[in-house]
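Produce the entire structure from the sequences given, and follow the hints as far as they go.
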Amino acid sequence: MKKLKKNRFKIRFPSSTDNLEMIRDFIRKLALKAGFDEEGADHIALAVDEACTNVIKHAHEYNARRMMDINVRYTQRSFEVTITDTGKGFDPSHMPKPDLDKYMHEARKGGLGIHLMRTLMDEVKYSFNPGVKNQVTLVKYLKSEAG
Amino acid sequence: MSGFEVRRHDNGEVSILHLKGFLDAHTAPQFEKALHELVKENRVRIIVSMTDLDYISSAGLGVFMGFIEEIREKGGDIKLSSMSEKVYKVFDLLGFPSLYEIFDDESGALARFNETY
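First to last, the protein sequences are chains E and P.
Note that full-length UniProt numbering has the first sequence beginning at 1, numbered continuously upward.
Note that full-length UniProt numbering has the second sequence beginning at 1, numbered continuously upward.
Below 20 angstroms or equal to it, Euclidean Cα-Cα: the simulated EDC-like pairs (lysine to aspartate or glutamate) are:
(1) P/K20 to P/E85
(2) E/K97 to P/D92
(3) E/K102 to P/D77
(4) P/K33 to P/E5
(5) P/K20 to E/D18
(6) E/K102 to P/E69
(7) E/K102 to P/D92
(8) P/K86 to E/D25
(9) P/K20 to E/E21
(10) P/K74 to E/D101
(11) P/K89 to P/E101
(12) P/K89 to E/D99
(13) E/K102 to P/E70
(14) P/K89 to E/D37
(15) P/K20 to P/E106
(16) E/K57 to P/E32
(17) P/K89 to E/E38
(18) P/K89 to E/D122
(19) P/K20 to P/D105
(20) P/K86 to E/E38
(21) P/K86 to E/D37
(22) P/K33 to E/D18
(23) E/K102 to P/E101
(24) P/K86 to P/E106
(25) P/K20 to E/D25
(26) P/K86 to E/E39
(27) P/K33 to P/E70
(28) E/K29 to P/D54
(29) P/K74 to P/E13
(30) E/K102 to P/E73
(31) P/K86 to E/E21
Keep in mind the hints are simulated off the structure, nothing from the lab.
Shown next, in the form of structure tokens:
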């Protein structure tokens, strides 16, 4: 892990599901340090797990030689995680909320993570430049915990 | 690293899968394999007990979705039991309580199978 300026961190992982547990630990610890309670930190770690899983599956198609960068920065008000990949772009921003009945009938397994990310975080933003740099940014505000 | 473990215990016609550890995109295939083996053996009355499950992501929830229709078509069901508040919260966020019966403990789930069949 590389500490950049104050409250800014950067870490690079091979794009493999092997690393998800380590990524969650890294995010969780920083979220606690930033002032979130256990539940808030767990929710951020879960949302980041979902975003990284999407990169591993869709952008890098399980190619562990590809890397993903995770940047974290936090202030007294917010906690922001940006995940960067260089794979093919995958834009889920217009995906509707999953219809579980339909999922069940079609035995579908994917797409639930996007909904979890949107539910757990205050903001989910995407930017795409396929093959060059794609980013998903997840933001959670500290004040939302109090309210 | 705590990893993930799935243990199977058969009780009459009901099979209980005990999940332990972290169920994410890395470990979901192990859970999928365990459910697949049960379906292959036509053991479709299944309780998934989560006393020792510390974490679940959508990859784990997706495994339930992948099997439930087939299991119900065969006359069985997947009933869930013994989940922590933290794990329940994830199921709840995705609306799973309306699709699956959730029990506080295994005995409640077993009793429901015995009532139904």
